[in-house]
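Trainee: The chain contents come next:
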Amino acid sequence: MFKVTTEPLSVQQVNDLVKRPTDGAVVTFDGIVRNNFDGRPVAYLEYEAYAMMAEKKLAEIGAEVQQKFAIGAIAMVHRIGRLEIGESSIVIAVAAPHRHAAFEACAYAMDRVKAEVPVWKKEFFADGADHWVNQN
Amino acid sequence: MQITVKLFALMREKAGTDTVALDVPEGATLAQAVTILVRHYPALAPYMANTRFSLHMDFVDPATNLAAGDELALIPPVSGGV
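Protein chains in written order, with our numbering: chain A, 1440 to 1575; chain B, 41 to 122.
Just so you know, these hints were derived from the structure itself, not from any lab. Be a bit skeptical, because a hint or two may be false.
What the hints assert, rightly or not - Lysine-lysine pairs mimicking DSS-like chemistry, simulated, CA-CA at most 27 Å apart:
#, chain 1, residue 1, chain 2, residue 2
1, A, LYS1561, B, LYS54
2, A, LYS1495, B, LYS46
3, A, LYS1442, B, LYS46
4, B, LYS46, A, LYS1553
5, A, LYS1561, A, LYS1458
6, A, LYS1507, A, LYS1561
7, A, LYS1442, A, LYS1507
8, A, LYS1561, A, LYS1495
9, A, LYS1442, A, LYS1553
10, A, LYS1553, A, LYS1458
11, A, LYS1442, A, LYS1458
12, A, LYS1561, B, LYS46
13, A, LYS1507, B, LYS54
14, A, LYS1495, A, LYS1507
15, A, LYS1495, A, LYS1458
Using the sequences and the hints, build the whole thing.
Mentor: Here it is, written out as structure tokens:
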């Protein structure tokens, strides 16, 4: 599954999607909204996406990861809209027969998401200021 | 011919809209359309150097020719994930 949603994410649900009896490992990455940006207190975040393209890019990255590593299923879900501190912004789950491939594929998939998927993050600071990450 | 331009994040805020209906010459390239867009929305000019472009949900080169009805999206540096 490759999806962009405004709904809260369930790590367990994404994890369960990729499980197969042939795969001895599932590595799940849970991206969490951090309470600071370089030490400056953050109150909350907003994520915006070009949703149709973001879902297409997630699926393409999924296919690329399956080509590159000896894995089974992979699922990636990105949440958008307003997110509070401690909530999950992205969940990536990768199943594989053996653990090394699952660890490597999950890290690689996350790096690809950060480079290629049209999603943007705006940080709202505790002092009332805000900024779009990477855009000034 | 007319195309649609989608704007996101900081550029959406600078332009004051997320969708622009833009008139461009028949067979215009993406780069020509962007020049026309910036003429209408000068506030976008400072961000163009770091912007990528997409058509039909794929990244494309600025030399790409546009067709009537195309949806051109301006993709500023992405910051998804965490």
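Trainee: Against this structure, judge whether each hint is valid.
Mentor: To see whether the hints hold, each was checked on the structure:
Straight-line distance between C-alpha atoms of LYS1561(A) and LYS54(B) comes to about 14 Å, which keeps the hinted pair within the 27 Å bound. As the CA atoms of LYS1495(A) and LYS46(B) are separated by approximately 17 Å, the hinted pair is consistent with the 27 Å bound. A hinted pair counts as satisfied when its Cα atoms are at most 27 Å apart, and LYS1442(A) with LYS46(B) qualifies at roughly 20 Å. Taking the CA atoms of LYS46(B) and LYS1553(A), the gap is about 21 Å. The hint holds against a cut of 27 Å.
A hinted pair counts as satisfied when its Cα atoms are at most 27 Å apart, and LYS1561(A) with LYS1458(A) does not qualify at roughly 34 Å. The suggested pairing of LYS1507(A) with LYS1561(A) is violated, with an alpha-carbon distance near 32 Å, which exceeds 27 Å. Between LYS1442(A) and LYS1507(A), the direct Cα distance comes to roughly 21 Å. Compliance with the 27 Å bound is thereby established for this hinted pair. For the hint pairing LYS1561(A) with LYS1495(A), the CA-to-CA distance comes to about 22 Å; that is within 27 Å, so the pair holds.
With a CA separation close to 15 Å, the supplied pair LYS1442(A) and LYS1553(A) stays within the 27 Å bound. The suggested pairing of LYS1553(A) with LYS1458(A) holds, with an alpha-carbon distance near 25 Å, which does not exceed 27 Å. A hinted pair counts as satisfied when its Cα atoms are at most 27 Å apart, and LYS1442(A) with LYS1458(A) qualifies at roughly 18 Å. At roughly 18 Å between alpha-carbon atoms, LYS1561(A) and LYS46(B) fall within 27 Å of each other, so this suggested pair holds.
Restraint check for LYS1507(A) and LYS54(B): not satisfied, since their Cα atoms lie roughly 40 Å apart, outside the 27 Å limit. With a C-alpha separation of about 18 Å, the suggested pairing of LYS1495(A) with LYS1507(A) holds against the 27 Å cut-off. Distance restraint check for LYS1495(A) and LYS1458(A): the Cα-Cα separation of roughly 23 Å lies within the 27 Å cut-off, and the hinted pair is therefore satisfied.
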